Every structure is written in C-alpha cells, then in structure tokens.
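Each chain, written out:
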Amino acid sequence: MIVATDVRAGERQAERVVFRRLELYFATLTVLGAFVLAIGNDGAVIPMIAIFFAIVGYVFVDLLKFFSLPPTAAYIAMALAAVFCIADFTDGKSAGPRQLLAVAHLLVLVQAILMMQRKSKRIFEQLAIFCLLELIVAAVFNHAISFGLLLVPITMIAAAALGLLAAVSAIEPVDSSEASLEPNAKTNRHSSAIMVTVGESTRSAATRANHYSKMSVAIFAPAIILVAAVFFYALPRTSEASRTSRLGDAMVGFADHVQLEQIGQMLRNPAIALHVGLVDRSSGDSYRVARGIYLRGRVLERYEAKRIEDRTTAQWNALEIAQDVELAPLPPEFFPRRSTDSNFYDTLNVSVQRESIRSESLFVTAPYHRLNRNPEIVHLKDRWTIRTRESGLRTHAKMEYSFGTNAFRKGVQSELIARATEDASGANRMMQYQNELLVFDPNSMPSIARIANDLTVNVKGERRSDYELAKSIEKHFSTSSDYQYSLNLQSKSVKNLDPIEQFVSIDRKGHCQYFASAMAMMLRSQKIPARVVVGYHTDEYNEWANLYVARQLHAHAWVEALIDRDQLGDRSRVYGQPESTQYWLRLDPTPFSDQGPESPGPIRQSIDFAQTWWDDNVIEMDASQQQGSAITGGIHSSGQWHARAVDWLSRQIRRIQAGDLGGGAFAGREVTSWPTAVTGVGLILAILALLRFRLAKWIWRVPNRRSNSTEIRPSIGYYAAALDELARVGIHRRPAETPTEFVGTAAATMRQPGVPSIQGPMERLTATFYLHRFGGDREPDDRCRSDSVTADLAVIKTSVESTLRIRTELANQTEEESIE
Amino acid sequence: MSTQSRISIRLTRLGFHCAFLGGFAVFGGAARGFNLLLVLAALLIGALLIHWRWSRHNIASIAVGRRLPREVFVGQRFSVRFQLANRNRFLMAWMIRLEDLIESITGQDQATAGCGIASVRAGGSESADYNCMFARRGRYRFGPMHLESTFPFALFRCCKTINEYDEICILPELLELAQRWEHGIVGNRDGISTNARRTGSTNGELFGLREWQNGDSPKWIHWRTTARLMTPAVRQFEQQRRFDLCIIVDAYAADESDEPLAETAISLAATIVTKLLSSRSGRIVLGTAGSNHNVAVGIGSDSDQYQMLVLLADVKISQNPRIAAAVGQVIPLAGSTTDLIVISSRSESDAFTNTDGTLHLRRQIAPLANVRWINVGDKDLTDLVVARST
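In the order they appear, the protein sequences are chains A and B. For the first sequence, the numbering used here gives the first residue as 1, with consecutive numbering after it. For the second sequence, the numbering used here gives the first residue as 821, with consecutive numbering after it.
Calculated from the structure, these hints are not laboratory results. Owing to the predicted nature of the structure, the values given are computational and were not obtained by experimental measurement. Every residue gets a Cβ at the ideal spot worked out from N, C-alpha and C, and that includes glycine. Where hints are given, some of them may not hold.
As the list claims (entries may be wrong) - So the derived list for chain B, only partly shown, Cβ under 10 Å to chain A, looks like this: (1) Arg-826; (2) Arg-830; (3) Leu-834; (4) Ile-865; (5) Glu-891; (6) Phe-893; (7) Trp-914; (8) Arg-941; (9) Ala-942; (10) Gly-943; (11) Gly-944; (12) Ala-955; (13) Asn-1034; (14) Asp-1064; (15) Tyr-1126.
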C-alpha cells in the first residue's frame, strides 16, 4: 500500500494557511471586543488584558507553538476566573455598573484563556461567541458613537472569519481525526482497506478560501445591513429608549434659581445641548447668522445676595407668576399692515432639538410665533420665553420643537422685542412686574450706583436717553480694559460685601453672569427696569448637518432693559413685530475673550454630526420616533429621515385608501374598491404563478421531447442490429452517449441471474464498430459477417430473449398472486 | 441508478448560539429599550436570514455526476472525478463540500471520501476529485453523495443527499513476474510458443512479402515491391500464437490467516492472465474455484482480459473450494491436450486429500497431457515472482 504522506502534507499545508488567517482574525476580534467593553467603562485594564493575551496567544501558541493550555487546565482556569469575577455579585446590591464591569472582566478573561489554547474549530467558535457576548454587554452601557464605529470593523472581521470557518468545513479532510488541526472532528467509519485522500480541487479551494471569505463580506454586507435596518426600524417599540429615560446625562442650569457661579461651571462643559436649524421661509435654504444667535431660556428678575459659610454669594431668581394669566399658547405670526415692511426682516422657521435637561426650559429667539399648535409648549407672555407645560419633573427628555421668528435681518438678530400690550388689569400687573425690575439697594452696591451716575451724562454734559445710557453702560463693560473676562474665579470673598459690588470695585474679572448682573444693577440704579436672561449664545455651525450647535460652554447671560419707545430715538421703528409703547432692549456687556470657545474643526464637526445621527437614529429610537410624530411636528432635521419615510408611506396608503393614487387615475368611484383590488392582484399573481410553472415546464419539455425523437440509428448494420435487439428490452442509446459508455449502461441493465452477460459481446461489437466506423475498414455486408460478430449478436439475442422470458414469468407470477 | 435527492438545512452549533443570543438581544432590547442590543440582534437576524436563503440556493442549484475509472487494481491510486453543474444562471455557488460513501458490496469495508469545491460559476460547471486506493479486491459501491455547505457564515449547514450509485470492480493486485516466468508455469515450452503466419492485420510483426492472392486487402499491398516486380506483392505478418493455456485458481484458505496466501494465488493468476493476453494472440481458459466456481475464455482482446480479471476479483475464498467442478467445466472448453496450470495456496497433495470429490478430480485430471500445480506458499512462487519489498 502506498503511504501518501506527501499528498497529506500538501493538503495540510493549504489548510494551515487558512488556519493562520483564522488565528489572526480571532486574535484581532479578541482585542476589538475588549476595546468595545472598555469604551463604555472605566476599566482600562480590560483592553490591556485582551491585547496582552491576544499577542501572546497568537505569537507563542498559534505561530511558534511554544506551548498551549490543555483543555482541562483551561476549564479550571475559566472556573477560577468566574469565581473571581462574580464575587461582586455577592454583596446583595441590585445590578449596576459594578456588576457589568465584573461580567466584562469575566468575558475578557475567558477569551484570554481561549487564546492560550491550541486552536480548533470549536475554539474559534467559542471566541466568536464570547466576542458577541462582549458586544451585548457593551451595548447595555455604551451609547457613544465609538460603539458604532468599532462595530463596523468587528462585523467585517467577524464575517470574514466566519467565512473562513465555513471554508474550513468545506476543505477539511474526512479523516480529520488524524489531523492536528481538528482534534474533535467527527469520527469517520474508515476502513483500513480503503484509503482516501483529498484531490486537487480541495487544495485549490483551500488556496482560494481567503479570497472568497473577503468577497462574501463585500457581497453579503449590503443585504445584511438592509435586513438589519428594516428589522431595527420596523420592530414595534413598547418601551422608551433607555438613553431617554436615563438621568445621568441630563443638562443642568436654566432653573428658576441660578447661582452666580453656575454659568461658569457650565462654560467648561463641551457637551451638546441644542441643535438649531434655521430655514429661510422664502427660499427654503439654511439661514446663516452674522454675530451668533441669542437663544433665551430663562428670564430672572430678582437678585438676592446671601452668605454661605464664610463667603458671600448671590443668585438670580425668577418671579412667581400667575400661571392662569401669564401662560399662553405661542403667539400667532405677525403680518405687517404695509406689505413693504416685510422687506426689513427675514421670516425664518426655526427647529430646535434639545437634549435632556433637568428643567422645563426651552430655548427660542424672540420674538417668535407658532407654526402649528402644540399644547405641550406654553409661552410666558412678558418674558418672551417658552417652556414645556409639564413642570416639576426631575428630568425632561430630549425634545424637538419648532417655531417661526422675524427676529433676523440679513443675518443679524434684532436687539429689540416689543412688549405685549394688555388691558387695564393686565396693565396693572405689568406695572407691578416693572417695579420688581427696579429693585436696587444703593447701600450694598455704592460703586455700581456711582459708575452708573457717571455715565448718565454724555461728553457734552447732556443727559443721555435711556437707550443711550443702556448702551453706554454696555460699552463701559464690554470695551473697557478695566474689566477682564475670566473663568478662574480664585479671588477671596470679602466679608459683608455684595459679590457684584466686589466684582465692579475690586476683582473686575468674571464671566458673563457677573457682567450681566452688574449691568442690570446699574440700569436699575438709574430707574431703568432691567432683568437678566440666561440661555445660549452660539455661532458654531455644523456644515455637515446645516445646523447651529449650542454646547453647554455656549451658555450665556445677558441683560434686557425695558425702554420706552420715545427713548429709542430714531430706532423706534421696529419691523416684524407689532408696535408697542415699550421694548425690551438686549444688552450684552460681556467683553470679548480669548478664553471663549473655539469653533471646532471639520473633523470634530463630522464626529459631532455622526454622534447626533447615532443618537437620533439608533440610541433614541422609540415608539414616538417610529410613528414619525415629533413632539411639535414640522421639524425637519437630518435625523428624521425614517420618520419622513414612514410619513410618506402613510400618506401613500391614505391616498390609496382615498382612491387618489396616480393623480386620480386609479380613483375608485363605484367600480374600484378594496375587495376588487385585492381580487385583481390575487388573480394576477395566480396567473403569473401558473405561467411561471407551466410555461417553464413547457419550455423545458419541448427540447427534451425533440431530443428524444432524434435518436440516431447507426449506419453499420450489425451494430444497428445489436441496438435493435436491446431496444426490445427498453435499452436505448442516448444521443450524447458514446458506444463505449453505452456498453457499460446496457451490460449493467441486463445483468441479472439466468441471463448471459452481454458485456463481452457488446465490447467486441463496439470495438469492431469503431474499427469500421472510424478506422477506415470496409463494412462487411450481412452475408459475410465474421463469425465472431455473428456469435456476439447471437449471445445478445439470447440474453434479450432470456430477459423477456424472465419478465413475462414475473408478470404472470404477479398476476397469479393478485388473482389469489 | 436513482438520483432522487433531498435538501435539509439546519443550524450549526455556532448558528444555534447566535440565534439564541439574537433572541436574547431582541427581547432584552425591546423590553428595556436598549437600542444597541436591538442593533446587534438585527445584524444577527440579518446574517441568519441571508445565510439561510443563500445556503439553500448554494446547494439546491448544484447537480453532480460521478465518473469512475474503468479498470482499477488493488494498491493502485486513482481519482474519482465529479462534475458539478450550477443550474442557477445568476448566482455563483461557493465553498461546497462533497462527501461520497464507499462501501464494499459485502459490507465488509466502508469509508467516506470528501472533497472541497471553491466555486461553481453561474450556469457553469466545475470538476472535483478525490483520490482513492483499495487494499482488497472485489466489488465496491460508491454513493450516496452528500453535498453540504456552511458558507458564508458557518451559521447554517445545508445538505443535499444525492442517491446516485456507481459500482466498481477492484481487480486483484498485479505482481511483478520474474524474468523467466514462462518456464516456471509450463515445462513444455513448445506448448506455449507456436507461431502462425498470416497476412494483413496490424496485430503482428512484419515477416516478409508474398504474391497477391485473391481476398487480400488492397491496404496490404507493398507498393514499392509491386512496382519493382511489376506484379502485386503484399506484406506478410507474423502473429505469435504462443500458447493455449488453461488456468485453474484454487482459492483455498483453512482460516483467516491463510487468506493472504489465497489472495497471492489470485493475484498471480491475474498477473499471468494479463501478461499472456496483452500480446493479443493467445487463448486462455480460466477457471476459478472458491465458494463458487466460474469459467471464462479469453482470446486476447481487452474485454476478454478485463472479464477474466473481474472473474478473479469476484472469487470468494473458501475452506472447501469447488475445484473439481471448475476443472470439470474447464476441460471441455480447453481440450485434453492443453496445458493445465493450477494456482493454489496449498500443495497438490493437500488439495487431493481435503477436497470433496477427490476421486472425481483425479479422474478429471488424469487424461490431461500436462498438469502443473503451483503452490504459492511454496518456493514455486519465488520462481515466478520477484520478491516484494515490504
């Protein structure tokens, strides 16, 4: 017997190349899986373990084969790792991040142990499953875009690795129990009398396996992504998305009480708070602003200084409001009496996407008007702010809303907002409110009063109007080199000194809230009603999403002074708003600072865009998103394509239901109805199915029939005679069958006990036939056939007759049995 | 030959795990609002769904045909070839495994052979093969064939069993004969070396030229000589009809330990038959005596040679071979003047002692002119065969 060691060595070599690639793939998957776990976690040790064991396992176990962990030792090590990791579960507390971290550690340790074992198909499968488990654990607590970004290479590598695993199944030798590569292969019933080895096709498949596994990724990935997307977006959601319901990420600030330092803390946080889309209604294009957008969130009227431990601080508070009077729906759009007035303002549609927040504040550019009715949002009349009707909640979920505004002209936001006029009772309340805005204690803030007094007259010695005075105070802060913008407030609090007074007289450095507070107090010292407004001031524009982005570090405080119309001078004509006797003048005393937020570069913008897309379309997909019902409706950010798709589909279905499809071409009237349509479609499908099967059969049958009918009869007499004899027992030579092939078929069919074999005679006849047909020998006529040909024909005839006789006997026997 | 086939698709071990984790992710994600779990579940379900549909296509559209060699001897390595046709006109089939069951007709030996096919292009065909070698003669059945694929993600295993069977006869092993082996089998050399001259056939060596006779084929005319003599001359060939021989194989084995000797006897007979008939000019009558007896006559054609080898491949070794019956059938065909060679795994005396119907056998052999008994267990074999290296 030949020992085919060389053959086996060849086939093993091809298979080993595939295995090397598999080992590399799974080592990479081990590392990537651990990275996914580590991203949403504080466990920096996780990727370190994975990287170390992946490299050691691949180099020393797989490549160099220095050592490998025996299966028993591996099981013991896994058990020890499990005991070590689940110790965190025994403290009786409910499941939390600590437990998840323990699970993450366990998964990584088990993968590390698997990497130390000699690789087989089963080990590869286990590595794949553990990588999947890591993804599942990471999916619970990791919502960052990094999960999605890492998911792409993991999926690709896993798909290629599984493709190779499938290829190994195709090329592995049957007697793989002998193979070192597959210790647990199926047992083969292999006899020592039969030896089989793989052929050239298997070796060729092994060499091409890697290529095909990569190709399969390229070919199947789009189909899988399509199916996955349909599944993900079509799966009915019954619960709120976990991210929306979580409390940890909610923004802070913009409550009814804002500490003096609070805005400063927010200014260090780069988290995105708002996405604001501005669309010019006339052109439908995105609208760009020139000096940033002021988005007002809260209006604070009452200043209060208080002492906490050894330091004095202050806070701005919102006045209590009469909810039944002050709260109203968003005002309707203003249309000027003179149509030409509309040339002096731009009408914009504004859509805002607000992240979850710990207050009911919504952010707007005033003046605003409603685009559609939304009972969830209320308008605070004299403050020109909006908020959700639902108040008192600890956290308010992410929200989208829209409104219209006439506040811009050529990219510049208007600094004046008309104060709403009221009836007599309303006027009284407005007066009370106005008086609250004049509260000022000159004794606690002497420097403020003094500076304001100095600014009341201009260089000519004339008293300034209210508007001019407000602007001069604004200029005093924003342009004077005496004041400095700073977030580092290390100065020590002076005992019994008001913080604002200390800011103006001693420190002269602070952030926007200090400047706004000081200015508001200065205005009040001059009997000009003033209030502080907190919100966002941003000019960060994301080119990818065509949206303005407001981060927490864009939080801002500014001042609004109530100016009588006659004090506005030549600015008394305000376009885009109804005329009023009083206007709120926006004043921003904060000087320009180098410490201000830098506009992010294109990479950062693209990451932000991706994160937003990820949050909108994946993380926070829930029932409301699926139904395409944004809270206010009418918002058209890029993150709602699926909602628009659902909307479009719903509209089409409604149109079909209304018989309006195809511009009325399919309009039903009395003839077309749903039952008729369904019956019609069913009939068409039935006809198609009938045609599909019958036609196909008919098409296939015709050539078959034709091919059967054109059976070739040989021209050489004795061979034709032999075929005729065989035809008597139903043996026909097929058109594509060579005479030599026919010998085997005929002999096998005729082989049965009691019938002389026709193998020899047929072979001799065929050889002679070849000689005469192709060898150039003259065909003998029937009278002078050679003896051997005659004898062979006689044998064939005898065999045929014996077969017929046996068949007849069998038939008779069967008939008799059936009669009995 | 039946070609009925059935297709089955089932989850692999990995596919089962993935389906379980996918289900867990669906319910966990939907119940708790973990959308990333749903993303993972969606990817798993997408992969499972696509794989399920693809693997069915991958196997269902493939038709397979097997091609076996006509003549295979024991110890000879040969390829079993397959032709795979992809009936789908649009989609390629990838990474298919083909397994073939090999089983001896007696059920004594069984093995599974396999080969991998990288791809079969849409509407095209591809060949595949595996190598095979048999250590025991006899008839073997190939089939059913088993196509399977776990491509592309090893999550589903799609299998198709094709009940297509083929049979092959593994012929006895051929031995290497010694240089003067003819002397070893027949003492009277004249008995196997008579020459016959004839004209025409290509099966012989050129002997000379002679004058044209009626009935000679024009193809035999030697034109140059004809031109020189001015009278038609034809070529005359010599066909060596060197033997008329009768061989009886006595496949006797007292127990299993004797079976190799009996196999050697059969192999020796096969070798001699092959050698003598390859010259296509002799006539041999072969009789086999095992648990049954059979006779074949060969006159030198390939088919005769193959038929005799098949006869030898089918011999069943017996403790009581029917040698008398075999001799009784052979003598009328061969005639009493023909040399008779008995190739046996036992000595002549043992055969006459242990055989049923000894008297009958003696009576049959007595009239024969020349009888030679070759005991392969004895030194007789060394005269005939070159010793095999172990």
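Against the structure, the hints:
Violation of the interface hint for Arg-826 of chain B is found here, the shortest Cβ-Cβ separation to chain A being roughly 20 Å, above the 10 Å cut-off. The beta carbon of Arg-830 of chain B comes no nearer than 14 Å to any beta carbon in chain A, farther than 10 Å, and the hint placing it at the interface is violated. At a threshold of 10 Å, the smallest CB-CB gap from Leu-834 of chain B to chain A is about 5 Å, leaving the interface hint in force. Interface hint status for Ile-865 of chain B: upheld, as the beta-carbon distance to the closest one in chain A is roughly 6 Å, under 10 Å.
Hint status for Glu-891 of chain B relative to chain A: violated, with the closest Cβ pair at about 12 Å, above 10 Å. Contact between Phe-893 of chain B and chain A, as hinted, is not supported at the beta carbon level, the nearest pair being about 12 Å apart and thus beyond 10 Å. Restraint check, Trp-914 of chain B versus chain A: the minimum CB separation of about 6 Å is within 10 Å; hint holds. Checking Arg-941 of chain B against chain A by beta carbon gives a least distance of about 13 Å; that is not within 10 Å, so the hint is violated.
Taking 10 Å as the C-beta cut-off, the interface hint given for Ala-942 of chain B is violated, the closest approach to chain A being about 13 Å. Taking 10 Å as the C-beta cut-off, the interface hint given for Gly-943 of chain B is violated, the closest approach to chain A being about 15 Å. At its closest, the beta carbon of Gly-944 of chain B sits 15 Å from a beta carbon of chain A; the interface hint therefore is violated under the 10 Å criterion. Taking 10 Å as the C-beta contact cut-off toward chain A, the hint placing Ala-955 of chain B at the interface holds, the least distance being around 4 Å.
With its C-beta approaching chain A no nearer than about 14 Å, Asn-1034 of chain B sits outside the 10 Å limit, and its interface hint is violated. With 10 Å as the threshold, the beta carbon of Asp-1064 of chain B stays out of range of chain A, its nearest partner Cβ sitting at about 18 Å, so the hint is violated. Given the 10 Å rule on beta carbons, the hint for Tyr-1126 of chain B holds: about 8 Å separates it from the nearest Cβ of chain A.
Violation of the numbered hints given earlier is confined to hints 1, 2, 5, 6, 8, 9, 10, 11, 13 and 14; the remaining hints are satisfied by the structure.
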